[in-house]
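Guided by the hints, dock chain B onto chain A, whose structure is given.
2 protein chains.
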Amino acid sequence: EIVAAIEAYFGKDAPLVGRRALVTSGPTYEAIDPVRFIGNRSSGKQGHAIAAALSRAGAETTLITGPTAEPAPQGVQVVRIESARQMLAACQDALPVDIAVFAAAVADWRVAGQAPQKLKKQEGGQPPRLEFAENPDILATIARLAQGRPGLVIGFAAETENMVANAVAKRARKGCDWMLANDVSTGTGTFGGDANTIHLVTADSVEDWPRLTKQQVADRLAARIAEHFRSLPA
Amino acid sequence: EIVAAIEAYFGKDAPLVGRRALVTSGPTYEAIDPVRFIGNRSSGKQGHAIAAALSRAGAETTLITGPTAEPAPQGVQVVRIESARQMLAACQDALPVDIAVFAAAVADWRVAGQAPQKLKKQEGGQPPRLEFAENPDILATIARLAQGRPGLVIGFAAETENMVANAVAKRARKGCDWMLANDVSTGTGTFGGDANTIHLVTADSVEDWPRLTKQQVADRLAARIAEHFRSLPA
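As given, the protein sequences belong to chains A and B, one line each in that order.
Just so you know, we're using my numbering here: the first sequence kicks off at 4 and counts up by one.
Just so you know, we're using my numbering here: the second sequence kicks off at 4 and counts up by one.
So that you can see chain A by itself, here it is in the shape it has in the complex:
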């Protein structure tokens, strides 16, 4: 806390002072009924670390997060949501921003016609038939805004196979500027773990980062973002 306070005090010299940032983090939960939901194993560690790093770099940062056990980073405004639709609404409320990093693991689908009462098991009956509806694509929605698009839109691609190829295709499809591909296949320990192996895909390059802690990934990404804004015409 002392370090954070000192950094906050000297923040006027930080490279992203005067910039606004939005970061999403954690899983989304999509309700099936009042007690059941579909979730995913995102811990929020990477997104929270990125929000903290951008804040330390001087950016006025809003973190929009699904349910996680991670503490709120120092100096960051935290907005807690559960579903993908709530996350999109919170992102729209946080605009305008210069930097948007979508690190949350957002559910692609929600359950259509969510039950108002707990679904009861019928003895000897059939299992429920869950009907799904596609969730809004938060990354693509913000990346393709005609008005008020953030200057730098960054997505994550959690992949279990063909990481870079999938990330290159996903970057183009979503309309974002950078895509960070990371390996979440069984055994890598990415979900809930402390390390991440990242490939940074831009419009014209692929950077392979070494295996880093999520904290190091966050610091490196914040430095790359600062470099990007430094290189822009004033």
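Treat the hints with care, since some could be wrong.
Stated by the list, open to error - Which residues of chain A face chain B? A few of them, derived with a C-beta cut under 8 angstroms, are:
1. F40
2. A72
3. P131
4. D186
5. V187
To be verified - Derived coverage of chain A by chain B (criterion: at least 3 residues anywhere in the stretch with Cβ under 8 angstroms from a Cβ of chain B; other residues may be distant):
6. 19 to 28
7. 41 to 47
8. 59 to 70
Stated by the list, open to error - From chain A, some residues computed to sit far from chain B (all C-beta separations above 10 angstroms):
9. I35
10. A75
11. Q77
12. D96
13. D111
14. L133
15. R152
16. H202
17. A206
18. R227
19. S234
What the hints contain is simulated information worked out from the structure, not anything from laboratory work.
Nothing here was measured: the structure is a model prediction, and the numbers come from that model.
No residue lacks a Cβ here, since even glycine has one placed at the ideal position from N, Cα and C.
Relative to the frame of chain A, chain B by itself:
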């Protein structure tokens, strides 16, 4: 910790010394693929409190729990699992016991044919069709054991409507001795909250307990269990 240590020291005078207890707690998670799962909003607070209370009352207690943020209770052997099938196997491993309290919120269904790779969203494609298979009924399986059935089998019925009627029917259907019905409808705050309104259904009575904290519910249940064993012929 000092209080727990003193209680542990004086435990030889506690009413359930020499008894073995098994308690389940928390949610179960059923995997859809390596990253997604179906979960539920059980916090584990009630089950963990019951395990702690039985241990304080002198019972040698095993707690079998799904993913929760609750700390392991002092003096209790904790077994951590995720799925319903893992929970049943852990319960069978914990036998023989005198007392079994099934406080976990176990998923009725699991996803059949769990995907080995992350399910990818196909652009413009249909949502996934999840096929479900019925999970083992842990409460009924243990309550109906021909050999090695615990002397006192206690279930929970989380209800959003017709609480007592549903619990009376469920007690008979499962073959357990006592059923504790609690109201989990939206707005009661039972899931994740600290209080519980319980109706204790036995073979020949329904007791309406006042609104109590989960800690008080645990203490009252442990006292009722001790009374039950005191009243048995030696």
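Evaluated hints:
no.	hint	verdict
1	F40	6 angstroms, holds
2	A72	6 angstroms, holds
3	P131	7 angstroms, holds
4	D186	11 angstroms, violated
5	V187	6 angstroms, holds
6	19 to 28	violated (count 0)
7	41 to 47	holds (count 5)
8	59 to 70	violated (count 0)
9	I35	7 angstroms, violated
10	A75	16 angstroms, holds
11	Q77	22 angstroms, holds
12	D96	25 angstroms, holds
13	D111	4 angstroms, violated
14	L133	6 angstroms, violated
15	R152	21 angstroms, holds
16	H202	17 angstroms, holds
17	A206	20 angstroms, holds
18	R227	26 angstroms, holds
19	S234	33 angstroms, holds
Comparing the model with each earlier hint shows violations of hints 4, 6, 8, 9, 13, 14; every other hint is respected.
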